[in-house]
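Position chains U and D with the ligands against the provided structure of chain X, taking the given hints into account.
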Amino acid sequence: MTATAPTPLAARPLPAEVVRELARLRSSADHLRARATAAAAAGIGVALLMAVSVAAIPNANDPDVYQLSAAQPGLAPYLSQSGLRPGAVMAALLLVLPFAALAVQALRVGSLALHRQAGLLALAGATPADLRQMRVARTRSAFLRGGLYAAPAYLVLWLLLGLALPPGTRLLPAPQWWLPLAWAVVLAVLAGVGALLGVRTPLTGDNEEDGVSAALVRLGARSGRPVRLWWAVASGVAAALVVSYGIRWGSGSDYSLPLLLLLLGAAVLLAATCAALLLARWAASSPVGRQTRRVRSARQLRRGDAAVAMLAGAQRRANPVAAGTVGAVLFVCGLSFGVEAVLVTSMFTATYGYGTGDLLFYIGGAAVAATVAVVGALVALLALALSLSDHLLATRRSVAAVAALGLEPRRLLGVQRRALTDTAVPAVVSGSLVGGLLYQWVYVLEHLADVGIYSAGVLAASVLAGVLIALACRLVVVLLAGRVRAAAALEHLRTP
Amino acid sequence: MSMAEIHLALLLAGPRHGYDLKHAHDAWFPEERPLAFGQVYATLARLVRDGLAEAVDTRSEGGPERTLYAVTDAGRERLLAWLATPAPPAGVAGEDVVRKTVVALHSAAAGADAAAVLSGQRTAHLKRMRELQRSTPPAPGSASGLAEHLARRHALLHLDADLRWLDEAVEALRTSAAHDLATHSTPPATAPDDSPQAHHAPTQHSEESTR
Amino acid sequence: MSTGPSPDQVPLLELDGVSHAYARTPALREVSLTVAPGEVVAVTGSSGSGKSTLLHVAAGLLRPQAGRVHLLGHDLAGVDATARAVLRRSEIGIVLQYVQLVPDLPVLDNVALPLTLNGSSLAAARTAAADALAEVGLTDAASAAPAELSGGQAQRAAVARALITSPRIVFADEPVASLDPVGGRQVLDLLRGVTARGAALVLITHDNTVAALADREVRLRQGSVEHEAVLR
Ligand SMILES: Nc1ncnc2c1ncn2[C@@H]1O[C@H](COP(=O)(O)OP(=O)(O)OP(=O)(O)O)[C@@H](O)[C@H]1O
Ligand SMILES: [Mg+2]
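Protein sequence lines correspond, in order, to chains X, U and D. Just so you know, we're using the UniProt record's numbering here: the first sequence kicks off at 1 and counts up by one. Just so you know, we're using the UniProt record's numbering here: the second sequence kicks off at 1 and counts up by one. Just so you know, we're using the UniProt record's numbering here: the third sequence kicks off at 1 and counts up by one.
Incorrect hints may appear among the rest.
Simulated pairs of lysine to any residue, SDA-like, Cα-Cα distance not exceeding 25 Å [claimed, not checked]:
hint, chain 1, residue 1, chain 2, residue 2
1, U, K127, D, R232
2, U, K22, U, A109
3, U, K22, U, R33
4, U, K127, D, S150
5, U, K127, D, P181
6, U, K127, U, L157
7, U, K127, D, H227
8, U, K127, D, T165
9, U, K127, D, N118
Calculated directly from the structure, the hints in this document are not laboratory data.
With the rest of the complex left out, here is chain X (with noise of 0.2 Å):
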């Protein structure tokens, strides 16, 4: 073969114009994907915002650790109190773990056609950078719109946990001067952390030599590897633990306290990733029969109950990283639920120690916690919510299929009750179980208690959780059920 000079292939960064153009929100899922996005955001800023202002609460100048804070007079014990403090300000930095749970669901709403566009992209011409920064403009702007609510919502929840309560109970310290750089600062923050994830969304056609060809053929589920990134999180997170516990009992400080806290932080964060892993790999390998075999009445099979437990099982399976993700928020939940119990079975216990004043000072602390959990929840159900949307939204043909074939949509709509459920129920019992039972084993030994009453407390706690999240499943299913019949609807049987 004669050589010819072949044309240098060098490629140019896209225009910004053709990447605003590309990256422009266009379907409903990705008004979705944005909105879901930025109101995840909007909680990861506001979280920021609050223990920022929490954390920056002046101390009166006396060397004492439980000084009471002069300068923002009124403010609850927890925030008043110097030693107090740091608590606070890790409750609203663990406030930052499920709205963080609840991005990286917006971000997966729709994930499929986003690979199926990225390897149609990539056919036209595009390359591995230019769909990259397409991602990284859209997460990043969805970021950017929920920092930009992160200030005024923070001025709103001061007026509604500030203001409007009585002087001595205030949850939320009067804004500063400084709010406005705090947040230029957040927002700053979550543009990276925005740039960061649109990076890291794994979508093929972009690293893999042959993506363009298997995003084209073939588009099955791809679990691997999000459950690889899992397990490095969770050893990164593991190896923090030991050294900061390293830290801790080396120093022998005592005032250790910040260290403890984030000690505390770093085990949950780690009770999260790996129960994310486990929940995963669970959806991912429960094998088809074992759905089924529950249901053994002939009546149960006429209904359809087989049909319906089947189908759950590989909705599930088809997306075991999605079943981790909302699993392992619930599962944080949980934790908190099962700490309040033990606090509330505490509380009606007591026999000795606490005056009124004391007695206040932990219902108080319970609220806290509890609406703490209450977010949390919510959190969990809008992803529980997207999770669904986003399975909808990628398997509205098999569905539409399954229509066709005569599964009627009372049917269908129990498939995805059955599917949230079964993600759901385990995860908040389970988190409910060891956040209680470990926190109970501390509280005993501190307080020389009698273990019995505690651990029934926690075991009501765990099966009231589990009862209430499955209506809250039964809730969403309802709520979405319009989603659930326009999926099903037989024109997508002709939509690729």
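Chains U and D with the ligands alone, transformed into the frame defined by chain X:
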């Protein structure tokens, strides 16, 4: 006309007399008009005259006298040369393609490669179809142009039908070759019915043999 | 049988002993193939014989497990994903067998995509795309979403997109399978038109009348070349 070559191919199996030839021909081409005896003898006479066939024996087993004919080396060569030339892709006269293929299938003994014949035929057909599609469609309103165009389309679509038949023939040839292979790989000495191998025979094989 | 390009022409595409197997199925076995400038090569064969796989490998969408692919002077083994994407948007045209338009973009923007990705302005790319759509008779569908097109219309839009960059080689997988004879003929004439400026066309088809338009036929059977013939 391909009658001469078909007679040569019919003689490949061994010396035959005219009566046998006629019946063998009718069995090869069941869809065609039966041969007349007169045509058989006229063709044989021409073959002998041209040195492509020869009379080897004359018998009269009680009945009328019959001459046995056999193919000569020259006749064999003539047959192979004919097979090597694809039939003219003639549009409506597709029978020639069929004749050539059938003869090729029967002439493996003389060294004919049916697969090569089919593939050569495919190329010839495609070439002709390419020519037929060369000219541009007629300008609207030109009656003669339209007639010509339609005639070409007719020829093209008939050639396409031939090609589809050729594809089928190739496929059939391959399955039968695979079948032959399977048959020959079983030891011929054992009776097929009660031999243990019969149970392990591929399903395709057993289906074929029951047909 | 003399096949292949005349010696003075540098081939645009050269496959040498290419083999590829999917998870279980061997799809290509030791396939060699050369395509010269200005040539139309028809790749035929029965369903599942590996035609689409051959196209994916030749166009750099799929890395073969064995063998070499030289495309427009590049040894594809040494060309990374970015450079291949650049190749796709500037020098080769691809029409796939099934869906290939980005569902969220209107037809006009879909057709303009190779140009916009290659750095031309949106306005210029759209003007060119409108012309390309007019060539395939789809002017009315410019602002439609791909889902609103019939199978044949979508295929014509894909052809318009494949030709918009004036590619040096075009790969088309069953480009007229979902078109009626007259519309199919139009699209084929457009595709074959690229040879006038020295570009080549690799045409995958199971339709003999379409294959008969080529200068050369390469027939696949169970992943290997069964037969290759010059039709010129
Ligand atoms: N993504 C894939 N994964 C697994 N096997 C595949 C894949 N794509 C193709 N195959 C297999 O490879 C073989 C060749 O497929 P290919 O699509 O290349 O055939 P084709 O000749 O284009 O067929 P058709 O005419 O039906 O389009 C087939 O046996 C097919 O089953
Ligand atoms: Mg194909």
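Checking against the hints above, which ones are violated?
-> Structure breaks hints 4, 8, 9.
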